[in-house]
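Line by line, the protein sequences are chains A and B.
Using the numbering used here, the first residue of the first sequence is number 1, and each one after it goes up by one.
Using the numbering used here, the first residue of the second sequence is number 1001, and each one after it goes up by one.
Bear in mind the hints are in silico, worked out from the structure with no lab data behind them.
Careful: at least some of the hints might be erroneous.
Computed from the model, here is a short list of chain B residues facing chain A with C-beta under 7 Å [unchecked claim]:
1) 1120
2) 1133
3) 1134
4) 1146
Even glycine gets a Cβ: it sits at the ideal position worked out from N, Cα and C.
What follows is each chain in one-letter form.
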Amino acid sequence: MHGLVNRAIERFVRDSYGTEAWRAVTRRAGLEMTSFEAMLAYDDKLTEDLLGAIAAHLEKPRDEVLEDIGTYLVSHPNLEALRRLLRFGGVTFVDFLHSLDDLPGRARLAVEDLELPRLELRDHAANLFSLLCRSRYHGFGHVMMGVLRALADDYGALVLLEYGAASDGAEVICITLIESAYAEGRTFDLGGRTALG
Amino acid sequence: MTGGDDHGVNRALDALCPMHMRLDAGGVIRHAGPTVGKLFPGRAIEGRALAELFEMTRPRGAARLEALLRAPGGKLHLHPRVPPCVALKGVIAPWDDGALVNLSFGISVLDAVRAYELTDTDFAATDMTIEMLYLVEAKSAAMEASRKLNQRLKGAMIAAEEQAFTDTLTGLKNRRAMDYVIGRLIAQGRDFALMAVDLDYFKTVNDTLGHAAGDHVLQEVARILVDATRERDTAARVGGDEFVLIFPGLSDRARLSRVARRLIAQLGRPIPYQGRECRISASMGTTLSVNYAHPDAETMLADADAALYASKGRGRARHGFHPASQ
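Looking at chain A on its own, in the form it has when it is part of the complex (with noise of 0.2 Å):
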């Protein structure tokens, strides 16, 4: 799995949870390394045990887990340049949710062997979408929800999310776009560039 997926984990539970929580899961997923590099390959059972180790730290399904760090990626402040990356998709929510088609693409440019999972958007009514993943990795879909929810939120959208799978293995989630104007939602500055910290 690419460092950046570890890192991100990582990043998600010391800001969330703490340095101490970080060493528990470590320790319990029986890591060497007390960090990852965000620039560097890893195996991916490496990624499996610190998600299963998450999970029984925080007594929280894995689902769950997963779930809270596609939140985390978008609404941490100390993640701002990833909002930045994932406003760029458009002016509206809509338009964000076209967008996504292109986003695997768009992070292979960033960085050109971050793999993401195939995402296909269907829209079946003007409110109405389901967005298909499609990955190695079973559970994406769940980070997916974390990520449109707090996208969701930053534009201050009203919607509903359903997770499913489908007949062939890919994981779906059901949109439903109840209101695009329903809070004022935060502000997204073309110019304004952060740093990753």
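On the provided structure of chain A, position chain B as indicated by the hints.
For chain B alone, kept in the frame of chain A given last:
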């Protein structure tokens, strides 16, 4: 073109090229796209001459429409006459009896987006600006992550090299470091002195008081060697109880003799260890790079050793030079 058509054309151009301007035969702006307006906040654009609002840098100083239309490939470089004067690229083509100009921020787009507080809607949907801004941010973030990784790797590398050049017991340089230092001095053609130091009776300390006492003695010797030498000198432990001192820029036999005498005196003092006294002394031999037409490390080390063994033969706790007399 009729008035009714005009309206439709303007609307279409505003959507397709939000930074376009339509000029009449006199070079006066008759219509401007919405993003052009952002360059001149609070000012009217339509009805003003192009040359009045923009300074032309290519073709330089061109004001009249005919001059602009003669620009090779219709390419223009220009900037607004009001601050922040961000550089713009443009392209001009004849239109009716006037011309159509389309502007772009070119490479100054990052500055422009900030200076004019532009948003997605200021660019045509096909414009690559948003993708470019995205790419700049994404690449900067990725580059920053790589830069941090490089920094950490560099730190780890320095630590590893430091370790590999250091004798872990005494903290002195090791044989590898000594070879490196001598090699560098020779390569730079600098004069230096090489002093071989060998402890007398060290084996006796090890045999009678144990290895821990021996280690303690070596650490004390290392401290004395470091104290007796200058910052730029090198003290290396090259064997069990063998040391080498390198003195760059020192070829004065009298001075080296004084250093050696001082060291022999200090190393001859008993070293206390857990209530016992460890007694050693040191024999030394020195050679100077100025003795050789083409100094090489192996010969010099062998000659310093020869001088050292001559000292030992003369009764230990002595120092001598190679060659013995000069």
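Now the hints, each set against the structure:
no., hint, in the structure
1, 1120, "5 Å, holds"
2, 1133, "6 Å, holds"
3, 1134, "4 Å, holds"
4, 1146, "5 Å, holds"
When held up to the earlier numbered hints, the structure conflicts with none and fits them all.
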